[in-house]
Amino acid sequence: MKKIFRGLRLLWRGIRVIFKAAPAAMLTVLNQPVRAVTPFVTIYFSAIIFEQLAEKAAFALILPNILWAVGLDAALYFITNSFAVATEQAWRRLYIEEHQSVAKALISPDYETLEDTQTQKKVAELQNHWQQKGSPLIAPLFDLSNLFGGIFTCVVAVIFLRPLFGIIFKRTGDGFLNSPWLGISVCAFIAAGVGFVLFMSIRMNKQWFTLHRKYIKIEGIFSYYAKMLEDHKSGKEVRVYAQQDFIERHATEKLLTEGVELQRKLGSSQAMQSALLAIIGAILGFGVYLLIGVKGLFGFIGAGAIVRCMGSFLQVVNGLMQIGSNVGRLNAFIPGLRYFFDVLDLIPKHISGKLIADPGGAIDIEFRDVSFIYPGQENYALRHVNFRLRGGEHLAIVGENGSGKTTFIKLLCRLYDPTEGEILLNGVNIREYSEDEYRRLFSVVFQDYQLFALPLGQNIASCEQRPPENVHDDDNAFDEEKILLCLEESGFNPRLAKMPQGLDTWLYRACDKDGVEISGGEAQKLALARALYKDAPVIVLDEPTAALDPLAEAAVYAGFNRFAEGKAAIYISHRLSSCRFCEKVAVFEAGELVQYGGHGDLIADEDGKYYELWNAQAKYYVN
Amino acid sequence: MPKKAKERTDLRPNLRYMLSNWREWDGKSMWLIAASIPAQIALPAVTALIPKLMLDAIADSWAPGKLIALVAALSSLIAFLSWFEPNLAEKLRVSAQLARMRYRILALRKIMRIDYETLESLEGREKLEKAKDFCFGGRWAGAEDFFDAVRQFLSSGIGLVTFAILLTQLNPLLLLIIIIGCGVEVGANFIGNRLRYNMRQDSNKAFMRIEYMYASAKEAEKGKDVRLYNMRPWFLSVLQDAVELHNRVLGKYVRQSIGGTISLRTLATLAREAAAYVFLIRAALAGEITPTDFLFFFGIVTGFSAWLLTVTTQWGNIERCCRDCQKYRGYMDLPDCEQGGFLPSPAAPETIEFRNVSFTYKGSDEPVLRDVSFTIRKGEKLAIVGENGAGKTTLIKLLCGFYPPTQGRILVNGVDIGNYDRESYCRLFGAVFQDFTFLPVTVAQNVTIAERGTENTARLEEALRSAGLWDKLLSLPEGLESPMVKDVWERAVNFSGGERQRLLLARALYKDAPVLILDEPTAALDPIAENRLYQKYSAFSQGKTSFFISHRIASTRFCGRIFYMTNTPGCPSIAEEGTHEELLAKQGAYYKMFETQSYYYRKSTDAEETELT
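Protein sequence lines correspond, in order, to chains A and B. For the first sequence, position 226 (counting from the first letter as 1) is numbered 226 according to this note's numbering, and the numbering increases by one without interruption. For the second sequence, position 396 (counting from the first letter as 1) is numbered 396 according to this note's numbering, and the numbering increases by one without interruption.
Just so you know, these hints were derived from the structure itself, not from any lab. A virtual CB, placed ideally from N, CA and C, is assigned to each residue, including glycine. Don't take each hint at face value.
Unchecked claim - Sample of chain B residues lacking proximity to chain A, with all beta carbon distances greater than 12 Å (derived):
1. 278
2. 351
3. 367
Stated by the list, open to error - Within a straight-line C-alpha distance of at most 25 Å, the following computed BS3-like cross-link-like pairs (lysine-lysine) qualify:
4. B:132 with A:133
5. A:254 with B:486
6. A:513 with B:586
7. A:513 with B:536
8. B:603 with B:586
9. B:28 with A:254
10. A:227 with B:132
11. B:252 with B:205
12. A:254 with A:265
13. B:130 with A:233
14. B:536 with A:619
15. A:254 with B:110
16. B:110 with A:227
17. A:20 with A:104
18. A:233 with B:362
19. B:130 with A:227
20. B:603 with A:584
Isolated chain B, as found in the complex:
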């Protein structure tokens, strides 16, 4: 099971993971690599060989016909090789891109299926953020770059060996010198990469800020406050600071690179080339090789150095891909939402019981809910009111099974909800949460979450009517088929805050689940719309068990039972419960809150302004 984050990345399991996915998704493309390697190696070899062959042919005074045949053969060979290799590389690039897409899709699927508690937790969010490096960036994302890195690593590795064999035949000492020269260059490259990595780390912070400031500048909502508070000078100075920080980091990097890495690499190149020239020329002068061989081997030496550099850089790339992959798998290995038990959940719960339920978020030591117990019977209308931070929303999330209680049990029909099959359990609830998202599909589909033609049109109309949105939707040019989400569809409808809340309500009503949960459905509604909702509430919650969370105490009037929750430090829980009348008679905290909210409504018109404390 997951161990504490290890600094070192194990290459083997990640390699195996990526390779097995590769084989599964596009095994054929592996053959592309096999096919491209000979071509990739042959190209520089043939290129080096041509002048030698031609000059030898001329020196031997071949017949023109024979020479033309040689020329034709060589140029078609070069054409074939220089077409074949990039062509395969391109095909492989497509495979790589599709693989990255598949990894993204898998991640998407995972996000929807891990349990909500993990999804929401800081740990889960951080893991996701890291996993994104693997498949959400551009073509340098590990998931995609892996393909090309493997291809180049293999081909240059084999090329290296081939050329090394050619060179050993000439002079092993030369080979050694070249390897040392390349070694220095590789070392310099390594230092260069470190510098680059550090620069990235340092400049990223500044870069994030610059991008953020830019994103803020283009947002109309932010623009409003920027103007109203005359923030422009401040805004520009923050931006300028970030830009200067960024440029300082870059400047330092350039100086260090040129002064260090590049100078070192230049010296290495210088030494390597000088050695190659001297060795080959001496050999030619000694008569060990012909002058045309000199040309050929000089080409091979150059090619060998190129292979060696590619091998090392690509190995670095493969390591990077593995590191990214490790992070990705760190997310993908998170457990899926537990299937729960095997019991199908009841069609409608007769009772819902919280038995001594406490809940503390992971990584926190302050409970957000403490020792809550209650039982609700089918058809009961429950209002939950109380202070900010008293755990109202948490209670709902626990009921929906988003978190398991830290202590205590939640029972539906006397059975712990953990024993129910999750999917069927979710069917019990129709809920409107405070934060919400709409999907980039039609309005109707946002309500029904069903494909066109499979929805229940009568129920859809009823839900929209109950939510008070039917007429508005009919007035749209495309009616219920109007697309939503402006980011995706340019002609998407723009709903106001109140309309959105109604649309969410319609979705909950369409689902027609036995338990209806509304969390602050009136926050954005005006008094008349609020009143209308209250009046319709009994109608559309008819026969359902319902929860109504609100800061407006008026909402309690339509509910048979009220929970008043308090945010007592260390012990947030239900402080009082009963009907509105009972709680008023009790003259406790609920009474006080009701009186507070009622104060200005009741104050007689000509009473003196008294200050409230």
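If we strip away everything but chain A, and leave its shape as in the complex, we get:
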């Protein structure tokens, strides 16, 4: 019972979303009565005309009926088809709406909520649903309206069959064929048959879903390989390590044995369902034709009524088939809606404060005994970190892989909140600040910086807040001069000169077929330009030179001093040479800040971690 209520609530919420996003989608439901009525126009009028023909009526008398029949049919035809076009497009709209609102729901909360495994699992579930079953909002609309349509058809048909009901339960003469028992037993026979078949149909549907889930799993493995191989980058390894046969075996063996077997079973299951429906048809057909025939034979119903009844009976079969193929999935839309609303209902983990940070003001950031454990993990990623960064200071962070450098930055930018301890900006806990406002203080280039497959200029200026009313201005709404300046600073200009449409050139080819591919080094320069454009008082560079040759690296070093001038700056690198142009060095080891100070002081401590790190690298450069 509770389950049903939950289902209904979901449904209601879904319908509200549909009404808001694409009310035309509701025509799907409205279209069903129109569709259901259509065949009865022909049934009704052809019966009348038949009667008139039998009476040899004059053509002029028949003509109005022809006009009615043709006119009504054409009108209904027009309505159904217009509705169909409109609803089909409304469905596409809904599908878009779903993606848009999910994108909104994911872009809005804090990073910790987005990155959370629970969130990602919810998104993956929804994604799976989209791929395998299509839109969660459309599904209930589609299934329910089909069911509704089937029922509606049956109801209309039963109305048309009424003359039959008038007589079948009356004693019309002697013998079984004239007793009400004929009608009763035929009806009982039909009811039992239909009940049995519906029951089977529901069960088979369940079985079908189980099989289908199994198949999807097997196909998923194959699809992964397919996707992997489509990316040409995997081609080198496949060839050098002669992986062809191994991959083919692992990708297809199961699919070709178990998968094929499952497909055949799925097919038989479907075929069985259609067989069951055909049996319903046969049972009904036998019963109804029998009644019509017998009663007609004895003269209890007229020829016109017989024509109507026969036509209507066929519609009952159609209606029942429609019901039968939908009733098994009655609750199939619930999971989809649940996945969808689960994502929309994400609860942000961070509570954003109200204070506004002033990017032009003084910067004094302090970590006070900060410890951090990644969600779902057991070990501390950072432990008791105490640290202070003031405006204008340049800091290098070094340490082994996994020592907590990047985690430190993530806490600094409030991508995560500390598990213990607090981080203060100018003496105030950063939680008191509005998250967006607080982040205006930082220009960060992470190791795994991300560019968007959108125009180049937009990528650089994406931090620009355009007032909502300007949203529809063309793409040049950005400060072009400033973008060009930043691109020059980051060293991207030579490449820009080769871009076919300058700043309006689309990057990559995901969204635009004429997009431009750029190399890793070039992308890094764009990421840097984006950071420069933001022009925040704190600059953070995380491994900016990993992919660069020593000369390009030297250029970045040289540039760093220039564009970090007067700002606080943090530089993370495995190339310890970077420690030499920062006044302060922070050394992390196993989540702890073990050393902090100038290069000279740290190197003097021969037992320190810094000494070890430095020498591991420097010995190759010092003759």
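Please build the complex by placing chain B on the supplied structure of chain A, with the hints as guidance.
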């Protein structure tokens, strides 16, 4: 051989291709079509016939027993027909789905076997993208839809002819009017399809963007930058723009469809029906047909129109399948990786020689490597350093035989590598490339590329130990049997960037090939891990010819020979070569680069901050 892309698709070869595959994979299912056609045609005919038969029987006052027998016979016939046809259709659907799967498998096999140069080229990638339409979409993909299209086309075609014969007997003029009516409807449908096609084209662009924005929103990596750069307003406005564009296109399509296509089709239906009524009623009134015949023929007229529409739509579908198939074959006809020559490659190359090798990517006119010549002897340790874009990785790809040189020759033991059998030639190399993929199998299998039980466990352990990953793997609950790739296995292990690089190294070491190639293996390693790798390097490259590409010049210390490559515009090549000491003494470009990287390491602690330019 491949001609320039033709706009028109030749139907016949594609039909032949799809049909012959069909026969080969599941010839039996062709009989399903043959069997289903009579049923498909008979169903509407019988349906139209029933009222006539019943009414005639009643009018003739049959005995109840005889009537019941007729009813039983007719309803079982209908039941049989309405079971038989969908049942066969379902069986055929399975065949179709399996065929699509087989086409996908063939494509997969092809991807792994065409030569790397084509695979990587823009042309190759575009061809693959197009080929995917045929077999990678859902059930509307040509490979699958073809089966049903053929079935429906044949059955409705035969149904059309049958019904036409029935109608001609009645009145050829009526047939003509109906055909004209249907012709108008088909024309309207055609226009409708064009509209739809245009709408798809226009909305697809917007749709791609919406999907992309959605995909970006759910990615944690992108989410980080979105938040750090306060991109939300921008992001939402880009999304909103795309959605509005999309909805505009849809709105226009709906208006055009209802105003044009649907109105036209309604008129056609109206005219057709009116004609049928008038003709049949006049005939009945004139006594040419009985009133029950009127019912029967009216059913036939309706059925005939339905057949005609199906024939035309399904023909359109078959054409579409052929077009998709053409694209698919465009990919499948790409030549396989050349077998190369017949010479088995040597167990270990004594010499590797590049003789005046130049290379230019297809479709580009700037060489990425120019006039490179060198000879390496067995066991030599070679370091390749130099500027970004100087062709270091290209040199390796040429050596592995991924591309044939545009000019010059590559010789192993004095023989052009084109003369070696490709498969055995590949066995010479154990390589770690910069970009990499892992397979959704166990960690051990990712290293060994061998089925469980066929791997050399001792060598596996040694490789993992050398790569510094053994202890970490043992600490995992499932050890070496831990699955990889989270997309496929939920309990897959998550390795960090450094660990992945080590795993790749282990794979190269396990292969134990005579030539070891490492392309930037230290980029993600910290100084201590880097140092450890350098120190182990001599041990695990013992006896092998090895190539070490790196931006960290320290790596050259362990290599007997260094190539310094420069990215001189128009002439990227090896600028200097020799040992570290020789190159330093030369005071050339290598010296400059070494000094640049050394600068901060050497700068005395209390020296003044001097700016570097």
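We went through each hint and held it up to the structure:
The beta carbon of residue 278 of chain B sits about 7 Å from the closest Cβ of chain A, which is not more than 12 Å, so the claim that it is off the interface is violated. Here residue 351 of chain B stays apart from chain A, with its beta-carbon at least about 21 Å from theirs, past the 12 Å limit. Residue placement check: residue 367 of chain B keeps its beta carbon more than 12 Å from all beta carbons of chain A (closest about 17 Å). A hinted pair counts as satisfied when its Cα atoms are at most 25 Å apart, and residue 132 of chain B with residue 133 of chain A qualifies at roughly 21 Å.
Distance check on the hinted pair: residue 254 of chain A and residue 486 of chain B sit about 19 Å apart at the alpha-carbon level, within 25 Å; holds. A distance of roughly 49 Å separates the Cα atoms of residue 513 of chain A and residue 586 of chain B; the hinted pair therefore is violated under the 25 Å criterion. Of the pairs offered as hints, the one joining residue 513 of chain A and residue 536 of chain B is violated, with about 46 Å between alpha carbons and a cut-off of 25 Å exceeded. With a C-alpha separation of about 22 Å, the suggested pairing of residue 603 of chain B with residue 586 of chain B holds against the 25 Å cut-off.
At roughly 23 Å between alpha-carbon atoms, residue 28 of chain B and residue 254 of chain A fall within 25 Å of each other, so this suggested pair holds. With a C-alpha separation of about 11 Å, the suggested pair residue 227 of chain A and residue 132 of chain B falls inside the 25 Å cut-off, and the hint holds. As the CA atoms of residue 252 of chain B and residue 205 of chain B are separated by approximately 16 Å, the hinted pair is consistent with the 25 Å bound. Note on residue 254 of chain A and residue 265 of chain A: the hinted pairing holds, with a Cα-Cα distance of about 15 Å set against a maximum of 25 Å.
Our distance criterion of 25 Å between C-alpha atoms is met by residue 130 of chain B and residue 233 of chain A, whose separation comes to about 19 Å. For a cut-off of 25 Å, the pair hint linking residue 536 of chain B to residue 619 of chain A stands: about 17 Å separates their Cα positions. Taking the CA atoms of residue 254 of chain A and residue 110 of chain B, the gap is about 19 Å. The hint holds against a cut of 25 Å. For the hint pairing residue 110 of chain B with residue 227 of chain A, the CA-to-CA distance comes to about 14 Å; that is within 25 Å, so the pair holds.
The straight-line distance between the Cα atoms of residue 20 of chain A and residue 104 of chain A is roughly 16 Å, inside the 25 Å bound, and the hint therefore holds. Proximity of residue 233 of chain A to residue 362 of chain B is assessed by CA-CA distance (about 17 Å); at most 25 Å being required, the pair is judged to hold. At most 25 Å may separate the alpha-carbon atoms for a hinted pair to count; residue 130 of chain B and residue 227 of chain A meet this at roughly 15 Å. At most 25 Å may separate the alpha-carbon atoms for a hinted pair to count; residue 603 of chain B and residue 584 of chain A meet this at roughly 16 Å.
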